[in-house]
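Here is how the chains run, residue by residue.
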Amino acid sequence: MDRSPPSFFNRGPAPVVRLTFFALASILLMATDARFRYMEPLRQALSTIVYPLQRTALAPVESAGRIGDYFESVADLQRDNNELRAEKLRDAQDLLTLQSLRAENAQLRGLLHARERARPDAIFAEIIYAGRDPFSRTVIVDKGATQGVERGQPVIDTTGLVGQVTRVQPLVSEVTLVTHKDHSIPVQVVRNGLRAVAFGAGDGASLELRFLSANADVQNEDLVVTSGIDGVYPPGLPVGKVVRIDRDATQSFARILIAPAAGTGQHRAVLVLRPRAETPPYPVVEEEPAKKAPKAKRNVRRNQR
Amino acid sequence: MALEAPGQRILLPVNVGFMVLTILGALVFDLLPWPTMRGVPDLLALVLAFWCIREPRRMGIAIPFLLGLVMDAANGVLMGQHALAYSVLAFLATTISRRVLWFGLLPQALHVLAILLLAQTIMVLVRMIVGGPFPGFSYFVGSFISAALWPLMSAVLLAPQRRPETVDETRPI
Chain A
1 MDRSPPSFFN RGPAPVVRLT FFALASILLM ATDARFRYME PLRQALSTIV YPLQRTALAP
61 VESAGRIGDY FESVADLQRD NNELRAEKLR DAQDLLTLQS LRAENAQLRG LLHARERARP
121 DAIFAEIIYA GRDPFSRTVI VDKGATQGVE RGQPVIDTTG LVGQVTRVQP LVSEVTLVTH
181 KDHSIPVQVV RNGLRAVAFG AGDGASLELR FLSANADVQN EDLVVTSGID GVYPPGLPVG
241 KVVRIDRDAT QSFARILIAP AAGTGQHRAV LVLRPRAETP PYPVVEEEPA KKAPKAKRNV
301 RRNQR
Chain B
1 MALEAPGQRI LLPVNVGFMV LTILGALVFD LLPWPTMRGV PDLLALVLAF WCIREPRRMG
61 IAIPFLLGLV MDAANGVLMG QHALAYSVLA FLATTISRRV LWFGLLPQAL HVLAILLLAQ
121 TIMVLVRMIV GGPFPGFSYF VGSFISAALW PLMSAVLLAP QRRPETVDET RPI
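So the protein lines, in turn, are chains A and B. No gaps in the numbering here: position 157 of the first sequence is 157 in my numbering, and each next residue is one more. No gaps in the numbering here: position 132 of the second sequence is 132 in my numbering, and each next residue is one more.
Next comes chain B alone, as it looks inside the complex (with noise of 0.2 Å):
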């Protein structure tokens, strides 16, 4: 079933070599060069936020950070920005993890829509204070778009992860 609480199902440890690389695909679709960022998901923050509700102890706040100078960096904006951003979203899907997992997919999209306007919300206000435009309404129509991905997103990233459906009477657990 599509909706079903992922959290119920016992799954098989996550495979670190993984998280890298989706984490670094992100990375990647984040830097393709669009003829415009309006209504682009920000799909690094999304991948984040999804190891982050996943799996917590591995993610923590220092990689989200990590991660955030090398956007500034490569975005040309202002050191710190994106930084600020991803570790605020990494603590609070660290914080919701335990509880968010209990629901079904559509909630859980709901929850992770609510972070990365947050998110977002902190990128523009840090950047109205260093004296720049508001970038106007449309600038957070990602955050829609990325929070749309987020039950595709689950069932892609947790692929490799889950058991096979026929269950294996003789075994053990």
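For reference, chain A alone in the conformation it holds in the complex (with noise of 0.2 Å):
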């Protein structure tokens, strides 16, 4: 005989079950998002749905925003376009010399045979959100992948280096800053050319760079810029300058600290830079010769002798 309750008070699995359930589906999402990248596709659907309602949430800030530009005096005005006006004639020097200089560089390169430095092409982008997450340092820009956003293209603004677009979704995408502690760019110092690598800090404000002798030749107020040799950011690219450096001679590693050039907590607008030309493949050593190598040297030392 059927002993289970009338359908009229089933009310399902237990409150337990259902905690069990959906606890271990959020535990395997987040296992296999942090390991691998398969939920992308569930993330974009997602984040295409939620679009409206944050451009809603966005609207009150923006209007409000706009009406803060309405009502910004004439004096302030008038004060912005002269200084506006001032700054353009003393770039107009250097945008003079700019052009005769390109053209002067090319004419070198041609005749050194080096590679044409490609000047990247850019996207312009607005950030919508500033550390959403206050775990990591990200923002979230509003141009996508329909607008031809890809993953790892640096982000820069007027002043210098912003960070590097990681997570693409059709509308929106999202830009790890320099100061994000797993973030690395290979840099090079401006006045001796010594190249290291510049990780964030972790304290969300500043970076460091790692893995530099304790004796290394840097000083305080180094301007620190893009190295290029990853392929990832164009040379030349101010990151940041020296603000402090702690020698400590137990340790066999200085702790060098840049403030970045970039105002990663303040500027809105940012330009996307889309990839340098191809640059050669990293040369892969391959095992057969590696093992040949050490008998070839030992031929040489016979000859020699």
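Just so you know, the hints here were simulated from the structure itself, not pulled from any lab data. Even for Gly, the Cβ is constructed at its ideal location relative to N, Cα and C. Each hint should be verified, as a subset may be incorrect.
As the list claims (entries may be wrong) - Partial list, derived from the structure: chain A residues whose beta carbon lies under 7 Å from chain B: (1) 43; (2) 56; (3) 57.
Put the complex together from the two separate chains, hints included.
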């Protein structure tokens, strides 16, 4: 005989069972998302669904900003205008020389048979959100795959490198800031050309040059730019300025802190740069020649005797 | 009276459309762009906890789980982080729903504070396991602000269900 309660009282599985099911589902999701990239289609679908809500949430903030702009006084505008005009005059000289320098550079590079440095072209984007996730340093910008943004593209503002596109969705994309803990950039010190790698310091406001020996030639106020040897960042983008150096004799590496050049927390307008021209593939050392190499060396030594 | 136990009043049945509307409103609030997320209350968690306590049969755990996934996608964080936290939150809120409504609003807020803190702790633990840094104790301030909003939240969300104060003598019930 059927002893189960009539369906009138049926309340489905017990809450503990439901919790176990959903907790396992989310742990599974997290594991696959952390290890692999299988979750991207789901994430993209969800983010496209949420996009109208995001715009709704953004609308009052935007209109408040617009109203603020409207009431900005004429005096402020005039002052800004004068400053910009003066700046334009100052820059004009540099711009004029830039034309001739560019031509000269192309010519010299041609003489040296060096590869032409590609001028990256850029996509203008605006930051919609900043710092939604308190655990990581990322911003969301309003251009996505439909506008041609791709993963790995560098992002700059008027003063320097802001970060790198790490996740692309159809209409928005996520930029990891240079101050993120796991974000690394190959850099160069302008003063002496010393190459290093800059990592986010983890405090969310500065970068640090890791793996430089305690007596490395780095000074306070040294300018640090991208070196461009990774093929991701174009060379010469300002990254920051050295603000503090701790040389501890008990540690083999110096602790060098850099203040980022770009306003990683302030600006709203950024440029997403398109990647450079193809770089030659990284030379892969094959197994076979490696075994033969010591033998060849011995032969050479014998010959020398 | 402000601090009377709302469980003892007979309320009108809840309007499901109003539930959906409040949850969507809380979601939009959570999507607002703040300059920093420190101390910003997670209103969606609070509203979910509220409806799980008031209407445990209607809410279940599936809705909080799905909304958690939406939050994960919108914030660009690890998929499942909010989903797990909201599932646990919904489960705990459902479990205490029979008991907590007999308390006044302040003890209710304390219960909810414990649940919200636990949800945030789950998120911190998850992120630290995947290698994130500890965000600092100021991260938990949002839960305290949420819990402080509980009395106001109950008043607003229950408003459509309240009967008129004037007693109608001719009514049968």
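These are the hints, each one checked on the structure:
no., hint, result
1, 43, "holds (5 Å)"
2, 56, "holds (6 Å)"
3, 57, "holds (4 Å)"
In summary, the structure agrees with every hint in the numbered list given earlier.
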